[in-house]
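Q: Between the sequences and the hints, there should be enough to build the whole structure, so can you do that?
Residues 105 to 289 in my numbering are what the sequence shown spells out, letter by letter.
Since the hints were derived computationally from the structure, they do not count as laboratory data.
Estimated spans, in silico, between C-beta atoms of each pair: (1) GLU199 <-> PRO168: 38 to 46 angstroms; (2) LYS149 <-> GLU116: 16 to 24 angstroms; (3) ARG225 <-> SER140: 14 to 22 angstroms.
Built from N, CA and C at the ideal position, the CB exists for glycine as well.
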Amino acid sequence: MSLEHAILIALEERTGSGYELARRFDRSIGYFWGASHQQIYRTLKRMVDRGWVHLEEVAQDGRPDKKVYRASDGGREELRRWLAESAEPATIRNELAVKVRGASLGDIDTVLAEIERHRDRHAERLDVYRAIEKRDFPDPARLSGQGLHQYLVLRGGIRAEQGFVDWCEEMAEAIRRDHHPEGEA
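A: Here it is in structure tokens:
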């Protein structure tokens, strides 16, 4: 997948300025496909050049013109092409897993602290996802179309974050038990 496809989906959901799009990435799709604001602006320019996105300049009083982006017919065609492509299952690439695998070669307590830090970060993100679920999807049984699709992605994020929290807790408990057997300080 490319950032272009994530941007096309976001623009199909709602047109907006580069700033608005970057903020939506920070609060929504960016949890699943991250991009810096600079990457988003560079990619929008490239997408305009390719004809995938239309740019409209809207005059504003006392401020520079606002650039509003929306997906073009060419962009929707590219999105349909990409959606029809087969995708390979994601490969997990996790630095923490490699550190845990090599924990016996270094300072176990440092690796344990890293596991706990990751657990806390995943727990924070899980709390954010659950708050979004409560706020935006109070009655998931009534969802359909775009709302259902957004909810399903959020549920995947909730399950993944809960899985990481559980995994980190499992690892921390096992390493503590192994590294500090009962009776040792």
